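Just so you know, the protein sequences line up as chains L and P, in that order. For the first sequence, the UniProt record's numbering begins at 1 and goes up steadily by one. For the second sequence, the UniProt record's numbering begins at 1 and goes up steadily by one.
Treat the hints with care, since some could be wrong.
Stated by the list, open to error - Under the rule of at most 27 angstroms between Cα atoms (straight-line distance), these lysine-lysine pairs were calculated in the DSS-like manner:
hint : chain 1 : residue 1 : chain 2 : residue 2
1    : L       : Lys47     : L       : Lys162
2    : P       : Lys88     : L       : Lys232
3    : P       : Lys143    : L       : Lys224
4    : P       : Lys88     : L       : Lys248
5    : L       : Lys277    : P       : Lys88
6    : L       : Lys205    : P       : Lys88
7    : P       : Lys88     : L       : Lys162
What the hints contain is simulated information worked out from the structure, not anything from laboratory work. As the structure is a prediction and not an experimental result, all values here were calculated from the model.
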Amino acid sequence: MKSAIYLLSIAVLALGLYSFEVRQQNTQLEQTVQAQYTNALTNASEKLSTLQRSVSQSLLFQDQQALEAELDNIWRISNEFRSTISSLPLSREVANEWLRYVGNIGEEAKYASDNRDFEGWHDRMQVVNQNLQSLSDEWTVATSNFYQNDADLSQWTNVAEKETEQSPFKNVASNLKTYSETDFPLTASESDWLKKRDLQNLDDKEITKEQAIERLEILIPGIKDATYTVTKSKEDAPYPFYHIQFVKGSRIGYADITVKGGHILSFLSERPIQEQKGVSQQQVRDLTNEFLKRAGYNDVQIVEMRENHQAWHIALARVVGKDKAFVYPDGIQLKISKDSGELLGLNAMEYVQREEINEDQKVVPINWETFFRPGTHVEEEKLIYTENEAFQLRKCYEVIARFDSKQNETFRIVVDTENHDVLKVEYMP
Amino acid sequence: MVRSIFMSVILIFGTLAVVNPNQTFAFSGQVVERGAFGDDVIELQARLQYLGFYNGKIDGIFGYGTYWALRNFQEQYELDIDGIAGAKTKEQLVSVSEYHRDWVHEQIEKGNRFTHYGGVPLAEQTTGGAGSSESTDVQLPAKYTERDLQLMANAVYGEARGEPYEGQVAVAAVILNRLESPDFPNTISEIIFQPGAFTAVADGQIWLTPNERAREAVLDAMNGWDPTENALYYFNPETATSDWIWSRPQIKKIGEHIFCY
Numbered sequence: 001m002k003s004a005i006y007l008l009s010i011a012v013l014a015l016g017l018y019s020f021e022v023r024q025q026n027t028q029l030e031q032t033v034q035a036q037y038t039n040a041l042t043n044a045s046e047k048l049s050t051l052q053r054s055v056s057q058s059l060l061f062q063d064q065q066a067l068e069a070e071l072d073n074i075w076r077i078s079n080e081f082r083s084t085i086s087s088l089p090l091s092r093e094v095a096n097e098w099l100r101y102v103g104n105i106g107e108e109a110k111y112a113s114d115n116r117d118f119e120g121w122h123d124r125m126q127v128v129n130q131n132l133q134s135l136s137d138e139w140t141v142a143t144s145n146f147y148q149n150d151a152d153l154s155q156w157t158n159v160a161e162k163e164t165e166q167s168p169f170k171n172v173a174s175n176l177k178t179y180s181e182t183d184f185p186l187t188a189s190e191s192d193w194l195k196k197r198d199l200q201n202l203d204d205k206e207i208t209k210e211q212a213i214e215r216l217e218i219l220i221p222g223i224k225d226a227t228y229t230v231t232k233s234k235e236d237a238p239y240p241f242y243h244i245q246f247v248k249g250s251r252i253g254y255a256d257i258t259v260k261g262g263h264i265l266s267f268l269s270e271r272p273i274q275e276q277k278g279v280s281q282q283q284v285r286d287l288t289n290e291f292l293k294r295a296g297y298n299d300v301q302i303v304e305m306r307e308n309h310q311a312w313h314i315a316l317a318r319v320v321g322k323d324k325a326f327v328y329p330d331g332i333q334l335k336i337s338k339d340s341g342e343l344l345g346l347n348a349m350e351y352v353q354r355e356e357i358n359e360d361q362k363v364v365p366i367n368w369e370t371f372f373r374p375g376t377h378v379e380e381e382k383l384i385y386t387e388n389e390a391f392q393l394r395k396c397y398e399v400i401a402r403f404d405s406k407q408n409e410t411f412r413i414v415v416d417t418e419n420h421d422v423l424k425v426e427y428m429p
Numbered sequence: 001m002v003r004s005i006f007m008s009v010i011l012i013f014g015t016l017a018v019v020n021p022n023q024t025f026a027f028s029g030q031v032v033e034r035g036a037f038g039d040d041v042i043e044l045q046a047r048l049q050y051l052g053f054y055n056g057k058i059d060g061i062f063g064y065g066t067y068w069a070l071r072n073f074q075e076q077y078e079l080d081i082d083g084i085a086g087a088k089t090k091e092q093l094v095s096v097s098e099y100h101r102d103w104v105h106e107q108i109e110k111g112n113r114f115t116h117y118g119g120v121p122l123a124e125q126t127t128g129g130a131g132s133s134e135s136t137d138v139q140l141p142a143k144y145t146e147r148d149l150q151l152m153a154n155a156v157y158g159e160a161r162g163e164p165y166e167g168q169v170a171v172a173a174v175i176l177n178r179l180e181s182p183d184f185p186n187t188i189s190e191i192i193f194q195p196g197a198f199t200a201v202a203d204g205q206i207w208l209t210p211n212e213r214a215r216e217a218v219l220d221a222m223n224g225w226d227p228t229e230n231a232l233y234y235f236n237p238e239t240a241t242s243d244w245i246w247s248r249p250q251i252k253k254i255g256e257h258i259f260c261y
């Protein structure tokens, strides 16, 4: 009996010590997280004040050089504020509204600086300056509790879990929403994002789900007679489409086909893939071209082929005009298995919602020898259409340039054909 | 006598075949060109490096570095300069270089930093391993990195490993859609670790080791596939308690998840 009590006491003591240690560790962890959140909150508050001051200061200058420096500053601070605010456990709604509003300010600053639209900036920012001041004040009120002595992690947990209506950020969220709508009706990036839903403008004839399956089987004969489950997109979807899921042998996959016109948006099939390579790169190229012909994609060409463990990913782009320029935003992607050359995937959404092209954009020749430093060789040159930072589709030179060095470092450079702005520089490994 | 001469000849050729590695390990019958990946490319890079034409990393990815090196080799050996390793080019390459296949593959598997220059002892061309391979073993579109792939594969595996393949690609696509949307942070890491954004981050399942299927799903999303039709959010209707998420315009349901704007 004595021994049992003795052993039980030791067990209770050990359990007590263990739970004490666990509790202490949890407290330490909570304190660390709390400290990080407080640090992020302080940073966000400081950056918000700095941003508000910078916007205010930018209204002082008429001198272009001084204004440009301030605009660059605003763009930088807005990015930093976005990064800090996204590390705070705010509710989704509050975080999104902040990111959008401040992102808009940064985007406007970049646009004004790039396009030297200083008057436009002054006009738009009069109101934004006042609204930013009021947001800054509301933010200070909403966050004051987080600095008090009895502040603990549960305060943050509550913010993350509660609906915005019940959170201390209720007013901030509501004003952000209003100001976003009034101060920035539709910025370039938002309108670019909304373009993705342009398929709602399709006015082709509607097809039935049986016709959709038929169309799929013509394009992808390999899945003929599969077992299909077809559902229609939800009512809120901006454009209606059939979601076709199929099973055939070891193949399981899906395809989305628009109800209007029966355009295939995407198709993906999964099956076990053999290790050994059964088709060569040339055969993959031939299979790609055969498929394009069968599917009626007559105006696209291969831009890039990438081999990976199981499959080839092939990027294609629409080719337009007399100068055969590649329209990169109107792309198609294919996935072809390495073992048998079977088409495993097709993505044609961007191709279906094709861009409007301005073929009249001037093409001013560039002397690459003076454009690049000596020792840089231009190996390839072609014309493409791509978006600039203001999300406008521009005709550009795409150049593959190589340093004449031991490493043969290679770059892809995209230059606007009219104003010679450099839109992209990418290192090509 | 004739028999012993015959045996000697066989013995000599047999020995040569073992000693001379360039005859033991030669390319497969495939034509190798830009975009290719795998053992043939590893051999091509190693042989080009052996001759001093290629100074980059031997990683099995036929990029521009390999392309220019091959063209330079073709020029020097008066072959057709097309940057494609066809039969003639490979034959020439095999005849003038050596390839220590086992050693090269061992270095790659160990994640060692190494080179394969001719005339330098192999032991002097490796600088110890990191313990695990950090080498790039996939070809990604230029705007993404191997780190992005790893992070996203962790997120997809943690969030949707029980979902169909389409559902896994869909989760990866949502992350990439957020990258383009003005309402979200500007990097993949910030998007994944935005507090409250993903359940797998909150419950630690993001740290589970992802399987090949999750990586393949991310690879497909990075290459353009988006089964969600541009969704920014998803939720499980069985467990979602937020009124806000139910208020979002819904697009489609895949597996257990409803995808929405």
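Now the hints, each set against the structure:
no. : hint                 : in the structure
1   : Lys47/L to Lys162/L  : 26 angstroms, holds
2   : Lys88/P to Lys232/L  : 55 angstroms, violated
3   : Lys143/P to Lys224/L : 36 angstroms, violated
4   : Lys88/P to Lys248/L  : 43 angstroms, violated
5   : Lys277/L to Lys88/P  : 21 angstroms, holds
6   : Lys205/L to Lys88/P  : 55 angstroms, violated
7   : Lys88/P to Lys162/L  : 69 angstroms, violated
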